[in-house]
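Listed below, chain by chain, are the residues.
Number of protein chains: 2
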Amino acid sequence: MTDEHPAGRVASADRKNGLDRRNLLSGLTLLPLVSASLVSAPALAQTSADAGALPSWQDGAAKQAILDFVRTTTERSSATYIPPEERIATFDQDGTLWVEQPVYTQVVYCLDRVPAVVAKKPELKEAEPFKTVLSGNREAIARLSLHDLEKILFATLTGMTTEEFAAEAKAWLATAKHPRWNRPYTELVYQPMLEVLQYLRASGYKTYIVTGGGQDFVRVYADKVYGIPPEQVVGTAGGTTYGYDKDGKPFLMKEPKLLLNDDKAGKAEGIHLMIGRRPCAAFGNSDGDREMLEWTCAGPGARLGMLVLHDDAAREFAYGPAAGLPDSKVGRFTPALYDEAKKSKWTVISMKNDWKRIFAFG
Amino acid sequence: MTDEHPAGRVASADRKNGLDRRNLLSGLTLLPLVSASLVSAPALAQTSADAGALPSWQDGAAKQAILDFVRTTTERSSATYIPPEERIATFDQDGTLWVEQPVYTQVVYCLDRVPAVVAKKPELKEAEPFKTVLSGNREAIARLSLHDLEKILFATLTGMTTEEFAAEAKAWLATAKHPRWNRPYTELVYQPMLEVLQYLRASGYKTYIVTGGGQDFVRVYADKVYGIPPEQVVGTAGGTTYGYDKDGKPFLMKEPKLLLNDDKAGKAEGIHLMIGRRPCAAFGNSDGDREMLEWTCAGPGARLGMLVLHDDAAREFAYGPAAGLPDSKVGRFTPALYDEAKKSKWTVISMKNDWKRIFAFG
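Order-wise, the sequence lines are chains C and A.
The opening residue of the first sequence carries number 1 in our numbering; numbering runs sequentially from there.
The opening residue of the second sequence carries number 1 in our numbering; numbering runs sequentially from there.
Each hint should be verified, as a subset may be incorrect.
Copies of the same chain look alike in the list, so a pair counts if it fits in one copy or across any two.
Cut-off 27 Å, straight-line C-alpha distance, at most; resulting in silico cross-link-like pairs (DSSO-like, lysine-lysine) [as the list claims (entries may be wrong)]: (1) Lys246 with Lys257; (2) Lys224 with Lys121; (3) Lys343 with Lys246; (4) Lys345 with Lys249; (5) Lys356 with Lys121; (6) Lys329 with Lys131; (7) Lys342 with Lys151; (8) Lys249 with Lys343; (9) Lys345 with Lys120; (10) Lys151 with Lys257; (11) Lys131 with Lys170; (12) Lys249 with Lys342; (13) Lys125 with Lys345; (14) Lys246 with Lys345; (15) Lys121 with Lys343; (16) Lys342 with Lys246; (17) Lys224 with Lys343.
No lab work stands behind these hints, which were simulated from the structure alone.
These numbers come from a predicted model, not from an experiment.
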């Protein structure tokens with residue numbers, strides 16, 4: 001990347017909520033990629049120490065940026081050496097570690113939970129937006145407003161204990177399948193990113209997820225799927241209330257009270273709240289990750305900021321609207337972010353050109 | 001401990017705030033300990049594997065409880081073996097890891113910061129409670145209400161960036177001294193508890209601080225003083241707001257908005273929010289730690305709950321009011337908590353009888 005582009009800062013991020021202010025369920029038009037050639041850069045020489053790392057990555061600027069970052073921060077002789085305890089790397093989840101199209105997985109979960117919620121509260125059966133969800137009319141569901149969606153999220157993610165929620169989410173994940181691949185959502189993780197997680201951990205980095213998705217939801221499977229333990233998952237979080245059941249055993253009840261909206265500026269704020277250190281490396285894929293990368297890369301010494309560009313309609317999805325890709329309701333990567341990436345020397349990862357394979361099952 | 005005592009549950013914890021609803025700065029009457037003999041229990045045989053662990057602990061039930069817990073949770077042949085990744089131990093700070101009398105250290109910090117805050121905002125000079133603090137009249141300061149104290153906390157802990165705050169707190173800690181020992185507050189840590197932290201970590205446990213004190217404040221020194229990194233400090237936390245300085249560099253501004261009141265039930269809620277796992281062991285010293293111990297010990301398998309009883313006026317302080325000790329404005333250990341400890345088989349640690357030494361400098 002070069003920095004000759006006069007990139008204007010995105011002045012006023014919409015911080016009012018972590019979700020795009022439009023309906024989320026519209027289908028995507030998968031237009032062919034126009035400008036993939038803007039993304040990749042020529043390969044640089046690898047050191048022998050790196051041989052074998054990141055096998056699902058094509059040799060090129062993106063792979064090299066990761067290898068260079070790790071080498072210059074972990075070799076004791078390096079001027080930008082980072083002590084092991086300060087090695088923190090943060091990863092967005094949706095669109096960065098796993099598929100986010102055509103709808104965020106957790107939103108699918110919430111929609112699927114509506115019948116169970118209505119069974120417990122029959123008065124919701126004829127009330128909107130539950131009635132529409134129960135109708136199964138996908139077009140009508142796709143037109144639900146953000147306000148409707150929030151009602152569904154609160155109804156399906158709160159009002160149960162933390163242990164009940166974890167059991168429900170786990171059961172759903174064991175059976176639900178993505179409509180395109182007909183596989184569990186937990187298999188739709190990007191093999192090249194799993195390799196980055198492993199490579200960073202093997203290099204002494206502590207890897208965190210910093211997601212706009214629900215913290216409690218992601219914690220259910222992050223350890224198994226990504227090797228990231230619950231205490232290293234930062235996400236959008238609601239309050240709980242401590243109480244006792246009839247046997248005097250304590251529980252934590254999930255409440256419809258937002259404590260952390262872990263998206264956009266909330267990601268930097270959430271990193272401070274939950275980690276308390278500035279990361280050295282950050283990976284994202286959308287405007288929601290901009291502040292996380294800014295905050296990470298504003299620290300001293302060697303820093304790594306990377307953004308996944310979804311430019312591979314054949315193997316996954318293609319959406320931007322940066323780089324001439326079609327616009328998207330979910331996970332927007334805007335031209336303004338693309339310009340900031342150039343200016344800030346963040347590396348844009350082309351799924352099409354930088355990744356040999358997308359999934360482990362490919 | 002035995003469980004024959006019919007201990008009534010403390011029914012209505014004051015959850016409205018994390019501070020005792022009285023003035024905090026009153027001196028303590030250090031009455032002699034009446035009932036230390038209730039606390040200790042006869043020593044049990046130690047295994048050879050434990051030889052040399054916890055050298056500042058007297059042989060006795062408290063030391064043995066720690067050794068037994070570690071052995072039965074880390075030996076692979078044990079029926080209550082816990083895998084390393086699930087080994088979480090949480091520690092209250094004030095009164096459990098370091099001295100909390102006669103006033104919480106962070107409150108002293110806030111009072112000491114008032115002149116600097118008033119210098120920046122001269123309009124506060126004649127406004128209460130700042131005027132009283134500036135007067136230096138210790139009796140008047142001791143009579144300040146909780147509402148006054150909150151004003152002081154907000155004025156001295158918010159309105160600066162996270163980096164400015166950390167620098168201010170660090171500078172204060174380097175020079176401020178406790179009036180009784182004339183030593184830095186960071187030297188007034190309990191040597192026996194440092195040994196527990198080290199012993200648990202050597203046994204694969206991840207040690208966390210879960211404090212009613214300010215998360216940002218404790219993170220400044222926890223690594224150096226306790227070997228606990230910032231990301232393992234859970235405390236009372238306020239919101240921040242992401243912004244940019246005139247050079248476009250991002251900052252996080254500390255805001256007077258409470259996100260987590262990490263005391264009483266808030267400790268269990270904070271553990272869920274920030275760790276996302278139920279601890280296996282928890283250490284506290286006051287009613288503020290009750291729910292943390294309940295939440296910890298309600299899990300399956302081997303659990304360890306311990307409470308430090310301050311019954312050593314000669315070497316530290318003596319306050320309860322449990323066990324016939326004088327009442328206290330700070331760090332109350334009530335008879336109800338004492339009864340619950342007996343019922344729940346939590347171990348009460350007598351500072352007088354269980355600890356050979358209190359401080360490293362002793």
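Do the hints match the structure? See the list:
{"no.": "1", "hint": "Lys246 with Lys257", "verdict": "within (25 Å within a copy, 34 Å between copies)"}
{"no.": "2", "hint": "Lys224 with Lys121", "verdict": "neither (33 Å within a copy, 52 Å between copies)"}
{"no.": "3", "hint": "Lys343 with Lys246", "verdict": "between (59 Å within a copy, 18 Å between copies)"}
{"no.": "4", "hint": "Lys345 with Lys249", "verdict": "between (53 Å within a copy, 15 Å between copies)"}
{"no.": "5", "hint": "Lys356 with Lys121", "verdict": "neither (49 Å within a copy, 60 Å between copies)"}
{"no.": "6", "hint": "Lys329 with Lys131", "verdict": "within (23 Å within a copy, 55 Å between copies)"}
{"no.": "7", "hint": "Lys342 with Lys151", "verdict": "neither (39 Å within a copy, 45 Å between copies)"}
{"no.": "8", "hint": "Lys249 with Lys343", "verdict": "between (55 Å within a copy, 14 Å between copies)"}
{"no.": "9", "hint": "Lys345 with Lys120", "verdict": "neither (52 Å within a copy, 38 Å between copies)"}
{"no.": "10", "hint": "Lys151 with Lys257", "verdict": "both (12 Å within a copy, 25 Å between copies)"}
{"no.": "11", "hint": "Lys131 with Lys170", "verdict": "within (26 Å within a copy, 57 Å between copies)"}
{"no.": "12", "hint": "Lys249 with Lys342", "verdict": "between (55 Å within a copy, 17 Å between copies)"}
{"no.": "13", "hint": "Lys125 with Lys345", "verdict": "neither (52 Å within a copy, 48 Å between copies)"}
{"no.": "14", "hint": "Lys246 with Lys345", "verdict": "between (58 Å within a copy, 21 Å between copies)"}
{"no.": "15", "hint": "Lys121 with Lys343", "verdict": "neither (52 Å within a copy, 39 Å between copies)"}
{"no.": "16", "hint": "Lys342 with Lys246", "verdict": "between (59 Å within a copy, 21 Å between copies)"}
{"no.": "17", "hint": "Lys224 with Lys343", "verdict": "neither (37 Å within a copy, 37 Å between copies)"}
Violated hints, listed in ascending order, are 2, 5, 7, 9, 13, 15 and 17; each of the other numbered hints is respected by the structure.
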